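**Student:** Going by our numbering, the sequence shown opens with residue 1, and the numbers climb by one from there.
Hints are computed from structural coordinates only; laboratory data are not their basis. Be aware that a few hints might be false.
The calculated label-pair distances, taken between Cβ atoms and stated as ranges, are [as the list claims (entries may be wrong)]:
1. A313 with R45: 42 to 52 Å
2. S308 with S132: 17 to 27 Å
3. S132 with T79: 51 to 61 Å
4. T79 with R305: 46 to 56 Å
5. L161 with S132: 19 to 29 Å
6. G136 with A66: 43 to 53 Å
7. R305 with P284: 24 to 34 Å
8. P128 with P278: 15 to 25 Å
All of these numbers come straight from a predicted model, not from anything done at the bench. Idealized CB from N, CA, C, for every residue including glycine.
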Amino acid sequence: MTMTGRPQPVFRTADAGHVAAADPRQLECFIAVAEELNINRAAVRLNMTQPPLTRRIQRLEHDVGAELFHRTPGGMELTEAGRVLLDRAYRIVTLTAHAVERARKASAGEIGHLRVGYYDSAILDGIPAILSEFRGLHPEVTVSFELVPGRAQADYLRDHLLHVGFGRDYAPNSDIVCRTVALEELYVAAREPAAFPAGRPAVVADLRDRPLVVYPATRPGFADDVIRMCRDAGFSPAIAVEADDVVACLAYVAVTEAIAVVPSSATKTGPHGVTFIPLSDAPPAKLDCIWLASNPSPALVLLTRFLSERAHAPGGSRD
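Modelling step: build the complete structure from the supplied sequences, incorporating the hints.
**Tutor:** As structure tokens, then:
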């Protein structure tokens, strides 16, 4: 048995039930001789001399317990046992090469699994866009998503329940890396577009004295960014509702007179009757990605390298 518990291909020889493990290199030599039907040509093809190749074939015949070739004046031909073994040998050598290649890719992180936590409307746009770009380069890395509040994601990372988290306004942690991966323009979500001056985008001053839905209700979060933006414009917003998440936020907008400020990703979906107006003078919302600095996962290493290269590409987001 191998270290992984998977059985190696074996041959049972004629002498007292002795079992010998198949040597892939021995099988490669056998395939070359079977295709060339000439020891000298096969040796040249394998970049080796004839005597050691002959010994490998003889050893293989001993392990199998049957002649694999009939020697003829013009060279050699396969026996029935040789023809049966050739079919199996092709499969064994191909599977071995494939296994080695997959092991190499796994070590490099190209085969693996990323567990992604999210808690934001960016799951509708920004996060899939980033991960789709990443998987275009590394298609054998699979991805799964889990809804995890931003305040809990750091603990999930430490417990190795997640590889990365996406969200906003993360509290600083010495063992957690935080990188800004996207910037989203802001919009006003409203039920009555006529409530804003026609023909132009909204501005932050338009939010003064209007009932406002903010989210999430837990802090810190995107709600704090919206409140800070209003105060920077010289007024305190009139908070009507603190919603749990962006979906609930837009539902409140759909059934009340309140409005909300949302990132561009939230405009990808919305309740019937909700319209989105660009908020022209607002700073963009940052989408961050966090991960545990000490996590050695090869797939995570590949992702973080990708994010770093993406950030430094022309037009990329930077910390």
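**Student:** Quick check: does the Cβ-Cβ distance between G136 and A66 fall within 43 to 53 Å?
**Tutor:** 50 Å, holds
**Student:** With 46 to 56 Å as the target window, see if T79 and R305 comply at their CB atoms.
**Tutor:** At roughly 53 Å between Cβ atoms, R305 and T79 fall inside 46 to 56 Å, so the hint holds.
**Student:** Kindly confirm whether 51 to 61 Å is satisfied by the beta carbon distance between S132 and T79.
**Tutor:** The hinted range 51 to 61 Å holds for S132 and T79, with Cβ atoms some 54 Å apart.
**Student:** Return holds or violated for the Cβ distance of L161 and S132 against the range 19 to 29 Å.
**Tutor:** Given a distance of about 23 Å, which is inside 19 to 29 Å, the answer is holds.
**Student:** With respect to the beta-carbon atoms only, verify the hint that P128 and P278 lie 15 to 25 Å apart.
**Tutor:** Check passed, 22 Å falls within 15 to 25 Å.
**Student:** Cβ-Cβ distance between A313 and R45: within 42 to 52 Å?
**Tutor:** Holds: the Cβ-Cβ distance is about 46 Å, inside 42 to 52 Å.
**Student:** When you take the CB atoms of S308 and S132, is the distance between them in 17 to 27 Å?
**Tutor:** 18 Å, holds
**Student:** Take a look at whether the Cβ-Cβ distance between R305 and P284 falls inside 24 to 34 Å.
**Tutor:** 25 Å, holds
No hint from the list above goes unmet by this structure.
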